[in-house]
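Here is how the chains run, residue by residue.
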Amino acid sequence: NAGVTQTPKFQVLKTGQSMTLQCAQDMNHNSMYWYRQDPGMGLRLIYYSASEGTTDKGEVPNGYNVSRLNKREFSLRLESAAPSQTSVYFCASSEAQLAGGYEQFFGPGTRLTVL
Amino acid sequence: KNQVEQSPQSLIILEGKNCTLQCNYTVSPFSNLRWYKQDTGRGPVSLTIMTFSENTKSNGRYTATLDADTKQSSLHITASQLSDSASYICVVSPRGGKLIFGQGTELSVKP
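If you read the sequences in order, they're chains A and B. With the working numbering applied, the first sequence covers 2 to 116. With the working numbering applied, the second sequence covers 14 to 124.
The reader is advised that the hints may include incorrect statements.
Claimed, not checked - Which chain B residues stay away from chain A? Per the calculated CB distances, all over 12 Å, these:
1. V17
2. C32
3. V58
4. T69
5. H89
6. F114
What the hints assert, rightly or not - What follows is a list of derived Cβ distance ranges for each label pair:
7. N66(A) to T83(B): 37 to 45 Å
8. V13(A) to D82(B): 48 to 56 Å
9. T91(B) to E53(A): 38 to 46 Å
10. T8(A) to T83(B): 39 to 47 Å
11. T91(B) to V13(A): 25 to 33 Å
12. A83(A) to T33(B): 36 to 44 Å
13. T69(B) to G17(A): 45 to 53 Å
What the hints contain is simulated information worked out from the structure, not anything from laboratory work. Don't be surprised by glycine CBs; every beta carbon is placed ideally from N, CA and C.
Let the hints inform the model, and build the full structure from the sequences given.
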């Protein structure tokens, strides 16, 4: 089992460019999440998908869109990248919603720089 | 406002020594409290998950404690190893809400 995989590992964009971050999990989990991590700050939730076919905004959704393509895959899209979106992005998954005490598994992260 | 605060921000200890990391939270009511370990350049990995009714939970050399009355948790690391060098993150799950992450404590274990 690969767990949670993310592509790409690194990316450099110019302001205004668009890109999609890919995430896939092979644990048959229902819930998936996108976070960003910035220096000196805790992880912040961008979007999440409680189950296939549903998506909801997290704490910092502005400038991002998501697609739950199927049960395995959850992508994050930046339509017009801005320097403020320079960050490390983590995808995560869990069997069900986290208030139920389910363990959350994280991918290795994508390090994004916007110039 | 729901918050999770960790102390110290960073810590340096010698290999073989014990250490304790602190977490204070204002989240109420909450479902569970988690501790994660994050190695440099990698995603967080779950160490322990405690419900509000649990006082302690262990995972090898890691022991987490929870005092729901004072809204404090601690993570105790016994007989530290060089591989324990990482960021340790306290995370609280409000009932029906999303995880709230602390900023983490950066632990460095020196030989």
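Quick rundown of the hints versus the structure:
Annotated as non-interface, V17(B) brings its C-beta within 12 Å of a C-beta of chain A; the closest such distance is 7 Å. Residue placement check: C32(B) keeps its beta carbon more than 12 Å from all beta carbons of chain A (closest about 21 Å). Look at V58(B): its CB is around 7 Å from the nearest CB on chain A, not clear of 12 Å, so calling it non-interface is violated. Its beta-carbon lying about 16 Å from the closest one in chain A, T69(B) satisfies the requirement of being farther than 12 Å from that chain.
Remark: the non-interface label on H89(B) is consistent with the geometry, its nearest Cβ contact in chain A lying 21 Å away (cut-off 12 Å). The Cβ of F114(B) does not lie farther than 12 Å from every Cβ of chain A; its closest approach is about 3 Å, which violates its non-interface assignment. The hinted window of 37 to 45 Å between N66(A) and T83(B) holds, with their beta carbons roughly 42 Å apart. Between V13(A) and D82(B) the C-beta distance comes to about 49 Å, which sits within the given range of 48 to 56 Å.
For the hinted restraint 38 to 46 Å between T91(B) and E53(A), the CB-CB distance of approximately 42 Å keeps it satisfied. The supplied range of 39 to 47 Å is met by T8(A) and T83(B), whose beta-carbon atoms lie about 44 Å from each other. Under the hint 25 to 33 Å, the C-beta atoms of T91(B) and V13(A), about 42 Å apart, miss the expected range. Take A83(A) and T33(B): their Cβ atoms lie about 40 Å apart, and the range 36 to 44 Å holds.
Checked against the hint of 45 to 53 Å, the C-beta distance between T69(B) and G17(A) comes to roughly 52 Å, which is consistent with it.
The structure shown violates the earlier hints numbered 1, 3, 6, 11.
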